[in-house]
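The listed protein sequences correspond, in order, to chains A and B.
Under this note's numbering, read the first sequence as residues -19 to 265, first letter to last.
Under this note's numbering, read the second sequence as residues 217 to 533, first letter to last.
Be careful, since some hints might not be right.
[Claimed, not checked] Negatives, chain A to chain B, calculated, CB over 12 Å:
(1) N20
(2) I28
(3) E86
(4) G96
(5) M117
(6) L157
(7) R162
(8) E236
[As the list claims (entries may be wrong)] No farther apart than 27 Å at their CA atoms in a straight line, the calculated lysine-lysine pairs in the BS3-like style are these:
(9) A/K45 x A/K131
(10) B/K269 x B/K341
(11) B/K225 x B/K472
(12) A/K217 x B/K341
(13) A/K136 x B/K524
(14) B/K496 x B/K472
(15) B/K341 x A/K72
(16) B/K277 x A/K69
(17) A/K73 x B/K455
(18) A/K131 x B/K516
(19) B/K516 x A/K135
(20) A/K79 x B/K455
(21) A/K45 x A/K97
(22) B/K225 x A/K136
(23) B/K341 x A/K131
(24) B/K472 x A/K73
(25) B/K516 x B/K500
(26) A/K67 x B/K455
What the hints contain is simulated information worked out from the structure, not anything from laboratory work.
Bear in mind that the values here come from a model prediction, so they are computed numbers and not experimental data.
Yeah, the Cβ is synthetic: ideal placement off N, Cα and C, and Gly gets one too.
Chain residues, written in single-letter form:
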Amino acid sequence: MNWLTNFVRPKIQNIIGQKSETPDNLWHKCRNCGQLLYVNDIEKNLHICPNCDHHERIGPTERFKNLFNNGEYKLVDLPPTNEDPLKFKDQKKYTERLKAARNKSEFQDAIAVAYGKMGTVNTVVAVQNFLFMGGSMGVGVGNGIVTAAEKAIEKKTPLILFTAAGGARMQEGILSLMQMPRCTVAVQRLRDAGLPYIVVLTDPTTGGVTASYAMLGDIQIAEPNALICFAGPRVIKDTIREELPDGFQRSEYLLEHGMIDMIVHRAKMKETLTQLLSLLVNKAA
Amino acid sequence: MQTYLDFEKSIAELESRIRDMKSLESGDEINIAEEVDRLENKLDKLLRSTYAKLTSWEKIKVARHPDRPHLSDYISNLFTDFMELSGDRNFSDDQAIIGGIGRFNGQSVMVVGHEKGNDTESRIKHNFGMARPEGFRKAVRLFHLADQFKIPIVTFVDTAGAYPGIGAEERGQAEAIARSTEACLDVKVPLISVIVGEGGSGGAVALAVGNKVLMMEHAVYSVISPEGCASILWRTSEKAEDAANALKITAQDLLKLEVIDEVIPEPIGGAHRDHEKTMKSVRKAIDNALLEFSAISSDKIMELRREKFLNMGNVGL
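Start from the sequences, fold in the hints, and give me the full structure.
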């Protein structure tokens, strides 16, 4: 970063009005290795870079299609939320940020819930969506988790939750913090009903999300090289003023430190989860 | 030497004048007494008016005031026969969270809370009230112990947040906080939480999932520090005051949002000005809260707590 990249280049870009380095829709640039990939190719490859194996962040629809038998599932309706409960405004109004996020998304908030069959087992799957306001957890996401648990209890099925979040949604202040105990109750209800709760941690899962329902799974799985932490690396670096160890807070580091059961490559996710569900649900010989 | 906050300049001047007056050796004693009276009345009015309309940002400063009563003060004033219980049985004893059994009005209770420390040495010992996983795991152990022996739990919350460090992350800070929150929701004994100073994010909520959550009049409770919020949303920590307003962190706001159940009044000029009155006020609030659950069955106590937190977020301002 210097005068050239900070000042001159943005200015030139403004003049010629170019906004991204690659044309939209057609090409995808790997966020890890920078390889240019044909969009169709990376979609077919479950959004994994064929060059460096980087797992790109994906939304609920891609997950659901990859997981359920024949890509068939039913979306579960989520109850509406109290919009902008604090009348929050930073440099922008929260309502404007929400509107912008909704315009870019097929969903109303940073979570979607679906019901369908994986192998022989009916399952509820909830997916947090990092692409919607950083996946941040507010009352809407809380509603998603609570509804998913209720649906699983009603249908007597396991619940699989894919987590992805920058943390709590600051624009909902204390009410987002309160989603930590709220969602914990949802997990406890599931446990009281004797139903499996499987968590798949994806990149990134941080803050209040990690410090509540994301770490309470009966089985804890992570995608490769996902950032999973309570305090983010930058916060820690600023606090202790030391370099952080290699691979710090990545899936492999968590596995080594006994925090998760396994790391599963996205190409093996459906197969692994299906087998796991079968072992937990179809118990008789 | 008293620590004055930046909005207390005229209060500091008045108090210093009163002290000077009182230290005058001789002279016209009646006139001095009259003048002291007059100034003390003025001071009382000034303290009342200042503290009646504190902004969110000013409340943060009050909540962080070094002379504010800390856990050790509450323990020694509100409980008798207190015995500290240490360690998480896995790794170490984290002194950022202190716990133990004592008596409250004669009844056995489990006390768990953050301790920030009062001077440099004790602040380092208690890590400024910022707990590591071992602190939360000690809390979990004590919550279950209380549950086993049917002893009510009282928690005191006063932390800037859980400690962000390599070791803390390595040993599962997130999981430890999650388990502590879960344990709060699992116990079948009454759990009363008091936010006494700073309620900082996940490190606070891990001890604050009570049947009743009480909050001191000038305490704050927030999902993120206003400084942290400002540096993310405004891209500069200089906007912390704006962030403090936007986040709604005061006891008065949280009562409206039904996140807390009751505001505990503080003495005129804040808890740091009169520990004795503060203790009286807190004692009464805890007593009332415990009484409310004395006739309720243990299953019901847990269920009421879970129901309450399952509904969090339905009420807006």
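Taking the hints in turn, this is what the structure says about them:
1. Distance check on A/N20: its Cβ is at least 36 Å (rounded) from any Cβ of chain B, clearing the 12 Å threshold; non-interface status holds.
2. No beta-carbon of chain B comes within 12 Å of the beta-carbon of A/I28; the shortest separation is about 26 Å.
3. Distance check for A/E86 against chain B: the nearest CB is about 24 Å away, which clears 12 Å, and the non-interface claim stands.
4. Every C-beta of chain B lies more than 12 Å from that of A/G96, the closest at about 26 Å, which supports listing it as non-interface.
5. Its beta-carbon lying about 10 Å from the closest one in chain B, A/M117 breaks the requirement of being farther than 12 Å from that chain.
6. Non-interface status of A/L157 relative to chain B is broken: a Cβ of that chain comes within 12 Å, the nearest being about 4 Å off.
7. A beta-carbon of chain B comes within 12 Å of the beta-carbon of A/R162; the shortest separation is about 5 Å.
8. Not every Cβ of chain B is farther than 12 Å from the Cβ of A/E236; the closest lies at roughly 10 Å, contradicting the non-interface assignment.
9. With a C-alpha separation of about 20 Å, the suggested pair A/K45 and A/K131 falls inside the 27 Å cut-off, and the hint holds.
10. With a CA separation close to 35 Å, the supplied pair B/K269 and B/K341 exceeds the 27 Å bound.
11. Restraint check for B/K225 and B/K472: not satisfied, since their Cα atoms lie roughly 31 Å apart, outside the 27 Å limit.
12. The straight-line distance between the Cα atoms of A/K217 and B/K341 is roughly 22 Å, inside the 27 Å bound, and the hint therefore holds.
13. Proximity of A/K136 to B/K524 is assessed by CA-CA distance (about 25 Å); at most 27 Å being required, the pair is judged to hold.
14. A C-alpha spacing of about 25 Å is found between B/K496 and B/K472, which places the hinted pair at or below 27 Å, so the restraint holds.
15. This hinted pair does not check out: B/K341 and A/K72 have alpha carbons roughly 42 Å apart, beyond 27 Å.
16. For the suggested pair B/K277 and A/K69, the alpha carbons sit about 23 Å apart, so the restraint of at most 27 Å is met.
17. Distance restraint check for A/K73 and B/K455: the Cα-Cα separation of roughly 16 Å lies within the 27 Å cut-off, and the hinted pair is therefore satisfied.
18. A distance of roughly 24 Å separates the Cα atoms of A/K131 and B/K516; the hinted pair therefore holds under the 27 Å criterion.
19. Under the criterion of a C-alpha separation no larger than 27 Å, the hint pairing B/K516 with A/K135 is consistent with the structure, at around 26 Å.
20. Straight-line distance between C-alpha atoms of A/K79 and B/K455 comes to about 24 Å, which keeps the hinted pair within the 27 Å bound.
21. For the hint pairing A/K45 with A/K97, the CA-to-CA distance comes to about 12 Å; that is within 27 Å, so the pair holds.
22. With a C-alpha separation of about 64 Å, the suggested pair B/K225 and A/K136 falls outside the 27 Å cut-off, and the hint is violated.
23. For the suggested pair B/K341 and A/K131, the alpha carbons sit about 47 Å apart, so the restraint of at most 27 Å is broken.
24. Of the supplied pair hints, the one linking B/K472 and A/K73 holds, its CA atoms being roughly 22 Å apart against a limit of 27 Å.
25. A threshold of 27 Å between alpha carbons decides the hint, and for B/K516 with B/K500 the separation of about 24 Å falls inside it, so the pair holds.
26. A hinted pair counts as satisfied when its Cα atoms are at most 27 Å apart, and A/K67 with B/K455 qualifies at roughly 18 Å.
Going down the numbered hints, you'll see the structure goes against 5, 6, 7, 8, 10, 11, 15, 22 and 23, while the others check out.
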